[in-house]
Each structure stands twice: as structure tokens, then as C-alpha cells.
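Going line by line, the protein sequences match chains P and S.
If you read the first sequence in our numbering, its first letter stands for residue 1, the second for the next number, and so on.
If you read the second sequence in our numbering, its first letter stands for residue 105, the second for the next number, and so on.
Note that these hints are calculated values from the structure, not bench results.
Hints are supplied without guarantee of correctness; some may be wrong.
Coverage of chain S stretches by chain P, computed from C-beta distances (three or more under 8 Å per stretch; other residues unrestricted) [to be verified]: (1) 143-155; (2) 161-172.
BS3-like cross-link-like pairs, simulated, lysine-lysine; straight-line CA separation at most 27 Å [unchecked claim]: (3) Lys-204(S) x Lys-40(P); (4) Lys-196(S) x Lys-51(P); (5) Lys-180(S) x Lys-50(P); (6) Lys-50(P) x Lys-28(P); (7) Lys-51(P) x Lys-40(P); (8) Lys-180(S) x Lys-51(P); (9) Lys-28(P) x Lys-204(S); (10) Lys-10(P) x Lys-180(S); (11) Lys-125(S) x Lys-50(P); (12) Lys-204(S) x Lys-51(P); (13) Lys-196(S) x Lys-125(S).
Virtual Cβ for every residue (Gly too), placed ideally from N, Cα, C.
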Amino acid sequence: MTFYQAIQNKLEVSLTPSFLIIENESHKHSVPVDSETHFKVVIVSSDFDKKSPVQRHQLVYALLAHELQSGLHALSLNTYTPQEWTSVEKTMDSPNCMGGSWPD
Amino acid sequence: MDIMDTIREQIEENPIILYMKGSPNAPQCGFSARTIEALTACGERFAFVDILTNPEIRSNLPLYGNWPTFPQLWVKGELIGGCDIIAEMHAKGELAPLIKEASQAA
């Protein structure tokens, strides 16, 4: 199983996220091609309710302890509760067309 | 001295301490560089430890703080977070008040 799949499986099973993006960003670092060392995760889960940022990251780190000990080197984490996500999601959407793409 | 005692002493004696790769002037990792950018923008003095030249701290701090990656920012004995948390706090304007308060209390 790749780290990508392991991260996906573990986070889906344990945190039942309503939204999950996992991106392998290893190509941005000085590691061999096709490495699985640096990942970015955006995750929305109600398990983060009433938890501080540090506690949320610790929760994810604990789930991925095996991967972090066996070559996964960096994990960029964006953790949101479903409620926080409703305001964040709006800022991530691409804006709608306002009519300017039609020729005069 | 036991390495855990050394870490405890560093964290307790320095109100603002950053464990990073490289130094503030020459960070050796993009995440450390981004954290330094946010922290220096707060305009206060802070301590730092280069974990690349302190391998014992590098291998033991993750156990001390239950946090496996670097950088790590500790303020008044408490783990504030790594690059993502610091960058987000900085963007929200929450980092500077925390750092200034810790610096004044010292």
C-alpha cells in the first residue's frame, strides 16, 4: 500500500471526514522522483469540534504514527470542523463569471 | 544532563523558543523559513535551536511534545504548533499579540 492510500484509509476510517484532499507534494522538495515524503492534507471532520489546532494535528499525527516513522517526512495540515468549513469553502471557490467574457 | 531535562529547561527558560532546521538567517527547510517569516514579523526577540546540528534534540523533542515534525514553536512552556498553525495564526493577526505578551512577561 502506498503512503497515499494509507493516509486516505486511516483518515477516512477514523475521522469520517465530510471533505478530504490529500496531495503528494514531494516533487517540491529535494527527494527522488515519485517519492512519498511530503504530503498536504485538507480535512473536514466533526471530530475536530472543541479541539485546539495543536490537539487536531496531534490527533492526525497519532493516526499516521507508523507512516511518520517509516519515511513520511512532512505533513502540511489544514483541519476544519464542518462549521468552520462553510466559511472557508466560500473563499476557496473560484468566482463566477460576471459577464465580461462575452465580446462587445 | 538527561536530554529530556535539557529540553525541559530550554522550553521553561525561554518564553519564546523555536526548534527549526537551520538558523533564522539561513533556514534549511521551507516550513522553517515560512515560520521564521511570521515570527520575525512580530518584532520580538526569540530563542531558537537548530535541530540539524542537535541530533539528540531532533530525535527526542517529538517524544517530549507528542509532535513528530519541525519546526515547533513553544511559547511560555506550551507548544503553539508547527508551520501551518503559525502561518494561520499570523494571517489571522493572532500571533503577534501572543508573542508580544510572552515577551513582555519575560
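Compare the distance between the alpha carbons of Lys-28(P) and Lys-204(S) with 27 Å, and conclude whether the hinted pair is satisfied.
-> With a Cα-Cα distance of about 34 Å, the restraint between Lys-28(P) and Lys-204(S) is violated, given a limit of 27 Å.
Below or equal to 27 Å on CA atoms is what counts here, so check Lys-10(P) against Lys-180(S).
-> violated (34 Å)
Would you mind confirming whether the straight-line C-alpha gap from Lys-125(S) to Lys-50(P) stays at or under 27 Å?
-> It is violated: about 32 Å lies between the C-alpha atoms, which goes past 27 Å.
Hey, Lys-204(S) versus Lys-40(P), does the alpha-carbon distance stay inside 27 Å?
-> Status violated; Cα separation ~30 Å.
27 Å Cα cutoff - pair Lys-204(S), Lys-51(P) = holds (24 Å)
Between Lys-50(P) and Lys-28(P), does the CA-CA distance stay at or below 27 Å?
-> Violated - the C-alpha atoms of Lys-28(P) and Lys-50(P) are around 34 Å apart, more than 27 Å.
If you draw a straight line from the CA of Lys-196(S) to the CA of Lys-125(S), is it 27 Å or shorter?
-> Satisfied, since the Cα-Cα distance of roughly 25 Å is no more than 27 Å.
Take the C-alpha atoms of Lys-196(S) and Lys-51(P), compute the straight-line distance between them, and say whether it is at most 27 Å.
-> Within the cut-off at roughly 18 Å; holds.
Count the residues of the region 161-172 of chain S with a beta-carbon closer than 8 Å to any beta-carbon of chain P: does the count reach three?
-> holds (count 3)
Take a quick look at whether Lys-180(S) and Lys-50(P) sit within 27 Å of each other, Cα to Cα.
-> holds (22 Å)
With a cut-off of 8 Å between beta carbons, are at least three residues of the region 143-155 of chain S near chain P?
-> The restraint on the region 143-155 of chain S is violated, since only 0 of its residues have a Cβ under 8 Å from chain P and three are required.
Lys-51(P) and Lys-40(P): Cα distance at most 27 Å?
-> holds (20 Å)
Hint compliance for this structure: hints 1, 3, 6, 9, 10 and 11 are not met, and every other hint is.
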